[in-house]
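J.: Residue numbers are given in my numbering: position 7 of the sequence shown equals residue 7, and the series is strictly consecutive.
No lab work stands behind these hints, which were simulated from the structure alone. In this text the structure is predicted, and so the values were computed from the model without any measurement. Note that CB positions come from ideal geometry on N, CA and C, so glycine has one too. It is possible that part of the hints are untrue.
Claimed, not checked - Heads up, simulated EDC-like pairs for lysine to aspartate or glutamate below, C-alpha to C-alpha not over 16 Å straight-line: (1) LYS64 / ASP13; (2) LYS64 / ASP9; (3) LYS64 / ASP3.
Unchecked claim - Here are the computed distance ranges between Cβ atoms for each label pair: (4) THR11 / GLU49: 30 to 36 Å; (5) LEU19 / MET42: 16 to 22 Å; (6) ASP35 / ASP3: 27 to 33 Å; (7) PHE47 / GLN71: 15 to 21 Å; (8) CYS34 / LEU69: 14 to 20 Å.
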Amino acid sequence: MTDVRVTYDKTADAAYVYLTEPQARVTSARMYPCDPVDVDGMINLDFDEQGRLIGIEVLAASSKLPEYLLQSAERLDTEGG
């Protein structure tokens, strides 16, 4: 199984799942927000210039992602950083 980089900010309750190689410096060229009504929250999909999915931002992450994933994520807030 491939390791996937996940960052989490508990204060903002926001997580980001990177779908690129850890050393890659890829920038988002386009962001597509999922309908907050359909997902009961906000999830944004980031795409590069070639249209490849490079990352997923999850707001209200504690209610959308498994606890083990958030606990093992790289922390961006001061707690657990």
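J.: Compare the structure with each hint and give your call.
T.: How the hints compare with the structure:
Between LYS64 and ASP13 the alpha-carbon distance is near 10 Å, which keeps this suggested pair within the 16 Å criterion. A threshold of 16 Å between alpha carbons decides the hint, and for LYS64 with ASP9 the separation of about 14 Å falls inside it, so the pair holds. For the proposed pair LYS64 and ASP3, the alpha carbon gap of about 20 Å is over 16 Å, so the pair is violated. In this structure the hint that THR11 and GLU49 lie 30 to 36 Å apart at CB holds, the actual value being about 32 Å.
Look at LEU19 against MET42: about 18 Å separates their beta carbons, and that is inside 16 to 22 Å. The hinted window of 27 to 33 Å between ASP35 and ASP3 holds, with their beta carbons roughly 30 Å apart. With their beta carbons about 28 Å apart, PHE47 and GLN71 fall outside the hinted range of 15 to 21 Å. As the Cβ distance of CYS34 to LEU69 is approximately 18 Å, the hint placing it in 14 to 20 Å holds.
Of the numbered hints given earlier, the model fails hints 3 and 7; all others are met.
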